[in-house]
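Asker: Sequence:
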Amino acid sequence: MSIYSGIYHAIIICSNFIRHKISVQFSLFSIKENQSYFLTLFLQLKQAIVQIIYALKNHKLMSNLQSNIKRLKKNKYIAS
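For the sequence shown, position 24 matches number 24 in UniProt numbering, and the numbering has no gaps at all.
Treat the hints as calculated values from the structure; they're not laboratory data.
Mixed in with the good hints, there may be bad ones.
Stated by the list, open to error - Quick list of the computed label-pair ranges, beta carbon to beta carbon: (1) 59 x 17: 55 to 61 angstroms; (2) 73 x 35: 54 to 60 angstroms; (3) 7 x 42: 17 to 23 angstroms; (4) 7 x 40: 20 to 26 angstroms; (5) 11 x 70: 46 to 52 angstroms.
Note that the coordinates shown come from a computational prediction; the quantities given were computed from them, not determined experimentally.
The C-beta atom is built at its ideal place from N, Cα and C for all residues, glycine as well.
All chains, full assembly: derive it from the sequences and hints.
Answerer: Shown next as C-alpha cells:
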C-alpha cells in the first residue's frame, strides 16, 4: 500500500466516523446498539492508523534503500 492510499483510507474512515457519530446522535438506536456501532467504527479507525504507520515506515525504508543504491552506484560498488 502506498503512503497516499493509506492516508486516503484513513481520511475516509475518519469522515465516516464523524458523519455516523452525528447521525447516530439523532437516531432512535438504543445505547447498547450505539456502543457496538461506535466500537466497530473505532476499530476501523485504529486499523487505518496502523496502515498509515506501516505505509510511512515502508516509504522511509524504500527511500533509504534507493539513496543507498544511488550512493553505491556512484562509488562504483555495484554495476549501473
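Asker: All hints, please: hold or fail.
Answerer: Cross-check of the supplied hints:
1. 59 x 17: 55 to 61 angstroms: violated, 25 angstroms
2. 73 x 35: 54 to 60 angstroms: holds, 57 angstroms
3. 7 x 42: 17 to 23 angstroms: About 19 angstroms separates the Cβ atoms of residue 7 and residue 42, which means 17 to 23 angstroms holds.
4. 7 x 40: 20 to 26 angstroms: holds, 22 angstroms
5. 11 x 70: 46 to 52 angstroms: 33 angstroms Cβ-Cβ, so the 46 to 52 angstroms window is violated.
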